[in-house]
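S.K.: Listed below, chain by chain, are the residues.
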Amino acid sequence: MLSLRYLKIYVGGAILTVLVVCGVAAPLIAPRDPQAQTLEDRLRPPRWAENGLPSYWLGTDNLGRDMLSRIIYGSRISLMVGAATVIFAGLVGCSLGAIAGYFGSTADEVVSKISEIFLAFPFLLIAIAIMAFLGQGVGNLIMALMLSRWVQYCRVVRGEVLSLKERDFVTAIKALGGKSFYILLHHVVPNTFASVTVIATFGMAIVIITEASLSFLGLGVPAHIPTWGSMLSEGRSYINRAPWLTIFPGLAIFITVFGINLLGDGLRDVFDPKLRRQR
Amino acid sequence: MARKKSGMNRREFLQRSAALAVGTATWPQLLRHAHAASRDRVTIYQTSVADSIHPFNHSSNPIYGNWQHVIEPLVEYDFRRKDYAGVLAESWQFQGNKWIFKLRKGVKFHDGTTFTSKDVPFTIEKIRDEKGGSLQAFNFKEVADIQTPDDYTVIFVTKQPLAIFLDRLENRFMLSRAAGEKYGDKIYENIIGTGPYKFVSYQRGGNMVFTRNDDYWAGKAAIKEVIFKKVTEDAARLAALESGQADFINNVPDHEVARLRKHPRIRIDQVEGLRMFFLAINVAFKPWDNKLVRQAANYAVDAPAIVRNIFDGIGYPCNGPVGANVIGADPKLKRYPYNPQKAKELLAQAGFLNGCDIQLYYSPGRYPKDREVCQVVAAQMVKGGFRVELISQEWALFWDKQGVNGGRLPFYYIGRGGLMDADTLYDQYFRTGSTKRTNYSNPELDKIIEEQQKTPDMKKRVQLLQQAGKILMDEVPFVPLYNLADIYGAVKNLEWRTRPDERVKAWDMKIKA
Numbered sequence: 001m002l003s004l005r006y007l008k009i010y011v012g013g014a015i016l017t018v019l020v021v022c023g024v025a026a027p028l029i030a031p032r033d034p035q036a037q038t039l040e041d042r043l044r045p046p047r048w049a050e051n052g053l054p055s056y057w058l059g060t061d062n063l064g065r066d067m068l069s070r071i072i073y074g075s076r077i078s079l080m081v082g083a084a085t086v087i088f089a090g091l092v093g094c095s096l097g098a099i100a101g102y103f104g105s106t107a108d109e110v111v112s113k114i115s116e117i118f119l120a121f122p123f124l125l126i127a128i129a130i131m132a133f134l135g136q137g138v139g140n141l142i143m144a145l146m147l148s149r150w151v152q153y154c155r156v157v158r159g160e161v162l163s164l165k166e167r168d169f170v171t172a173i174k175a176l177g178g179k180s181f182y183i184l185l186h187h188v189v190p191n192t193f194a195s196v197t198v199i200a201t202f203g204m205a206i207v208i209i210t211e212a213s214l215s216f217l218g219l220g221v222p223a224h225i226p227t228w229g230s231m232l233s234e235g236r237s238y239i240n241r242a243p244w245l246t247i248f249p250g251l252a253i254f255i256t257v258f259g260i261n262l263l264g265d266g267l268r269d270v271f272d273p274k275l276r277r278q279r
Numbered sequence: 001m002a003r004k005k006s007g008m009n010r011r012e013f014l015q016r017s018a019a020l021a022v023g024t025a026t027w028p029q030l031l032r033h034a035h036a037a038s039r040d041r042v043t044i045y046q047t048s049v050a051d052s053i054h055p056f057n058h059s060s061n062p063i064y065g066n067w068q069h070v071i072e073p074l075v076e077y078d079f080r081r082k083d084y085a086g087v088l089a090e091s092w093q094f095q096g097n098k099w100i101f102k103l104r105k106g107v108k109f110h111d112g113t114t115f116t117s118k119d120v121p122f123t124i125e126k127i128r129d130e131k132g133g134s135l136q137a138f139n140f141k142e143v144a145d146i147q148t149p150d151d152y153t154v155i156f157v158t159k160q161p162l163a164i165f166l167d168r169l170e171n172r173f174m175l176s177r178a179a180g181e182k183y184g185d186k187i188y189e190n191i192i193g194t195g196p197y198k199f200v201s202y203q204r205g206g207n208m209v210f211t212r213n214d215d216y217w218a219g220k221a222a223i224k225e226v227i228f229k230k231v232t233e234d235a236a237r238l239a240a241l242e243s244g245q246a247d248f249i250n251n252v253p254d255h256e257v258a259r260l261r262k263h264p265r266i267r268i269d270q271v272e273g274l275r276m277f278f279l280a281i282n283v284a285f286k287p288w289d290n291k292l293v294r295q296a297a298n299y300a301v302d303a304p305a306i307v308r309n310i311f312d313g314i315g316y317p318c319n320g321p322v323g324a325n326v327i328g329a330d331p332k333l334k335r336y337p338y339n340p341q342k343a344k345e346l347l348a349q350a351g352f353l354n355g356c357d358i359q360l361y362y363s364p365g366r367y368p369k370d371r372e373v374c375q376v377v378a379a380q381m382v383k384g385g386f387r388v389e390l391i392s393q394e395w396a397l398f399w400d401k402q403g404v405n406g407g408r409l410p411f412y413y414i415g416r417g418g419l420m421d422a423d424t425l426y427d428q429y430f431r432t433g434s435t436k437r438t439n440y441s442n443p444e445l446d447k448i449i450e451e452q453q454k455t456p457d458m459k460k461r462v463q464l465l466q467q468a469g470k471i472l473m474d475e476v477p478f479v480p481l482y483n484l485a486d487i488y489g490a491v492k493n494l495e496w497r498t499r500p501d502e503r504v505k506a507w508d509m510k511i512k513a
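Chains as they are written, first to last, in my numbering: chain V, 1 to 279; chain F, 1 to 513.
These aren't lab readings, by the way, just hints derived from the structure by calculation.
Glycine residues also receive a C-beta, built at the ideal position from the N, C-alpha and C atoms.
Not one of these hints is a red herring.
Computed beta-carbon distance windows for the label pairs:
| no. | chain 1 | residue 1 | chain 2 | residue 2 | range |
| --- | --- | --- | --- | --- | --- |
| 1 | V | F118 | F | G365 | 22 to 30 Å |
| 2 | V | L125 | F | K334 | 44 to 52 Å |
| 3 | F | I471 | V | P122 | 50 to 58 Å |
| 4 | F | G205 | V | A14 | 48 to 56 Å |
| 5 | F | G133 | V | G135 | 31 to 39 Å |
| 6 | V | G135 | F | G205 | 30 to 38 Å |
| 7 | V | A14 | F | V382 | 34 to 42 Å |
Kindly generate the complete structure, drawing on both the sequences and the hints.
M.R.: Written as structure tokens, this is what we have:
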């Protein structure tokens, strides 16, 4: 059953698509300006609850801003940061990993030592340290997350390349006179794409959670830009009085990470030759 | 067979479990009655309690409150009279560079010896001993000599005339010289004072216990035993009060106030605090060098709306350059009314026809709800024609030479704590060269500040401070915002008078039958 086999990919992909549409078309979809404060209407519950106002679907926050609009706009930061980090960390990690794996000796020594240094610290701790040093901002956030994520790609790609370069097809191309970089780019690296795609999807989920954690700690993007993490953080002290301030951003993070993990899981099922043979 | 031997079958087990469950569920109810403030003892949970047995190893208001149970100052500030009142001193005179104190007669230390003028220089020497751990030495940096012509007279000679000396002397608690001679280095472990309570025990992070001094010179206190305990977590303090473990707590979070006001056993007391919040303006930066822009900022920010909406109305917008309870406050002054239109007009006059770009700095988590406050301020200022970029910084970066104290921040949200006298704020923020926090310089204002610091007569000093206040309200090198409330929770049968200085005094307390 082809459709069942790809079910995870379909569901995960659908969730991600909805999020991307939300993020890209946020100004068209969101009912209000996410930053417009109406202090008189602060801490209104969702419209279906008692005291809810029909104009605020998911209620308002502690400054009287529309929760739904903020969640829709919040998806922008989550996805942008997630995607950018995955792309940049992927590029850096894959190239260093490929070079280290293929050329070995000094290149491998240097890259491995550097990546070991990064691996020695807990991932969130590096991100916190870098953010404290660089200060708030979307660019800095992506930078911090990238610096703490590239190692994963580097390690996996290096390992793959190490085994690939001993394979017969590589020896064959070498025998035909292929230059090192040509072989690396055209024959070795493309063969690592399957694993990289899988790490990238899982990595994106981790990055989104980390972004939320950093924003929660007040180290993410500036206060006026809505993000799910900072919404959680601001809503925390009102958890008795206005639980919707934490429930909805929490749900948004949950659904997003769930969708991306599902997609990653599905992709792994498809790409992993071991799993493929079992079917 | 083994099961039989255990002596409990399933039914018994279920019955006992049920009994245990009921017991556990009702236990807090029982505790609640058992621990409600008894006639003899009061248990106080505070966010800060002495961190050391050394009574001079801090300079923090709540901790002054702890130690004042045992050791006492010469003078203290009376918030109702808005003037200094004698404690161990009966009267005083300010003459040129001399402060002459007449001491109270018949005051006994806890060991029965009499308090005399000889104890004063002994104590001041201990307070000046920074190597010995004192953090209060700076209060006597202007004192050149201390003379004791007789047993009940002390004369402080200062390098220059120093009208605000009482402010420096307010929290300097007197030790016994006889005890010093007897215990030497161990004086703090055997602390003896003249206070309404005697020291019993202290454990760091645990309890600090005092028992009543029945021979107290001002009449014995109503409550026999006092226990202070440091509990920094808001939720834990609150839970202790609600469960009856504590009779009194400080710093009740404002969003819990409405709920606790309905509590059958708990009373909430609030009082205007001494920490004043404002937006400081550094006039060394453009566009803040322009007075019209500074006034526009004052018209654009609606502090009463912030208090109403962010702090649930539990706060006190400043009417003028300082809060109403501060020495030197001027009841005739009014804050700039909220008027975004007027702000826009002023900006246009200043040449900013298409809005004015500014950055607002703050350090999140330092003050209550600072993140929310700054977002609201930014939104309000946008309506008044500014374009605001919010920048948050780590406290160390924000406060140090890279930030506020290096004069690097153009516009920032700040709170000045323990502000009892307007002089403290004016001298620190607006006097030429005293700090780089605003870089404001106005010879006329400097002259007034200098003059009031030399003026012994309180009325005249207040007039001078009010004069300074008027200049500041016109020049506005800042946007005065509000003082927040100090919120206390107490069991209902505990009576006490709220004070704005974060001090909790058990001898001001009474327990109703």
